[in-house]
Amino acid sequence: MLQTIFVGLFGIAAIWFGVVVFTTSSMVRSALALLFSQVAIGAMFLAMQSEFLGVLQIMMMATEMSIMAIFMVMYMMDPGGLMGMDMTHQKRISQAVGVLGALLVIGLVFLVGWGPIAGSVSPGRQVHDLGIELMERSMLIFETAGITILTAMIATIAVALERRR
Amino acid sequence: MATLIVALIIGAILFGVGLYGSLSQTNLVMIMMGVELMLGGAAVNLVAFWRFLHPEAYSGQVFVLIVMTVMALEMAVGFGVGTARFRYKGSVEMEEARDLKG
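Respectively, the protein sequence lines represent chains A and B.
Positions 18 to 182 (this note's numbering) are the ones given, in order, by the first sequence.
Positions 57 to 158 (this note's numbering) are the ones given, in order, by the second sequence.
Just so you know, the hints here were simulated from the structure itself, not pulled from any lab data.
A hint or two may mislead.
[What the hints assert, rightly or not] SDA-like cross-link-like pairs, simulated, lysine to any residue; straight-line CA separation at most 20 Å: (1) Lys108/A / Thr40/A; (2) Lys145/B / Ala175/A; (3) Lys145/B / Glu179/A.
[Unchecked claim] Just some of the chain B residues that point at chain A, by a computed CB distance under 7 Å: (4) Val73; (5) Phe135; (6) Phe142.
Every residue, glycine too, gets a C-beta built ideally from N, C-alpha and C.
Only chain B is shown next, with the shape it has when bound in the complex (with noise of 0.2 Å):
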């Protein structure tokens, strides 16, 4: 039981400095990596509740396999809008960005 507490609480503290980072970061790629802590810590979690709570439910590792490729796509398709950001403006600053606002 123990392991299992600790890596849930591991998980929390990532997700939650990972909130902080996309909240309080201005440049876009900094906000991604704040995402990509969020996420690292929701894969602890599925990682921990497949081995301590049902290992023989091979849908918690398919699971974090779907993270994994939200995580990288999350990457790919935020460089494909920075790279047009950047090319528009000169800057990937989400200060400046407030073109789609009504």
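Chain A extracted, bound-state conformation (with noise of 0.2 Å):
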């Protein structure tokens, strides 16, 4: 019961500063809230007792999220929205599929049926079978995600440098 409750505030949290992003016309406040939103969703996974992927996922988008915010300030035409610029097309259409996806992944949750709730494992030994998954059984795609990150970053600096003429 106290973990529904727990996971169903920090839930609300998720979504409420998820709305913040795109409603607030500050860049800065729209950057805070999606580091809001995305902790809020890393406090979702320490709720359903998800230790290692809670810790992970806060300090992971606390870094990003302040990256985020530099490049929006340095990228955006009216930064500070004291101009009161309209960043936003096709609005009404946007808003209609937003919803309309959201509902139909509703539908199918109750349309589906989940079969039996399993019973909770200990931090202590989730970690540890965590870490035996992925230098065992998951280990290429543990690997393959290291070098996925190592050409990203070399295709980025390459793609993002000043050509000279």
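Work from the hints to combine the two standalone chains into their complex.
Listed below in structure tokens is the structure:
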């Protein structure tokens, strides 16, 4: 019962801050709202007893969103939102598609028979078993993710470099 | 069962909000924020599936790690493209980015 309340509360916070991202006119506020939304998602992971992923999500998003805030202020035409510029298009269609997409998935949640609910796993055993999984059965996937990150880093630097004429 | 349903509904709403954002915004950075929210919603669903349906199968958690990697890469590559675009055109407004249109 307590778990459901906490998952629900953190979930409402994540949705609320997610909506604020697109409704506020200040870009710094927008980046901070996304940071709080992602932290609330991390807190949901913790409430669902997934300690490792919860802490990882919070740590990763804190750094990622701080960098994002700098880029937003650099690249947006009206970062402070003082000129009242409208930076949206096809608003009605987007709202309709967003609501329909969410309703479709919620409908699926109630239509599918999920089967029996499993018991919890202790945090210590969880971290141990995840480590074994990453270093044994899923090692190739884990290594592929590492190589992909390296490739993306090189590609990003190559794309962003200034062309010399 | 209630917690699983609550988590899945929240994941679905986050996905919907992200979908709205990525379709309605004209700026590349804001579009990427929408995609981040959609991936966040997907990650909530994955953790809920792992915890409440198959806590003994850790491939569920590995899947979430891959989603987090995709989130970081999407941001890095997006900003790389944004930087190149900003140098070339002086803006990252996607309304003006019709260069690749046939």
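Do the hints match the structure? See the list:
1. Lys108/A / Thr40/A: 12 Å, holds
2. Lys145/B / Ala175/A: Distance of about 18 Å is within 20 Å: holds.
3. Lys145/B / Glu179/A: The hint holds at about 13 Å.
4. Val73: Nearest chain A Cβ about 4 Å off; hint holds.
5. Phe135: 5 Å, holds
6. Phe142: 6 Å, holds
Against the hints set out earlier in the document, no violation occurs for any number.
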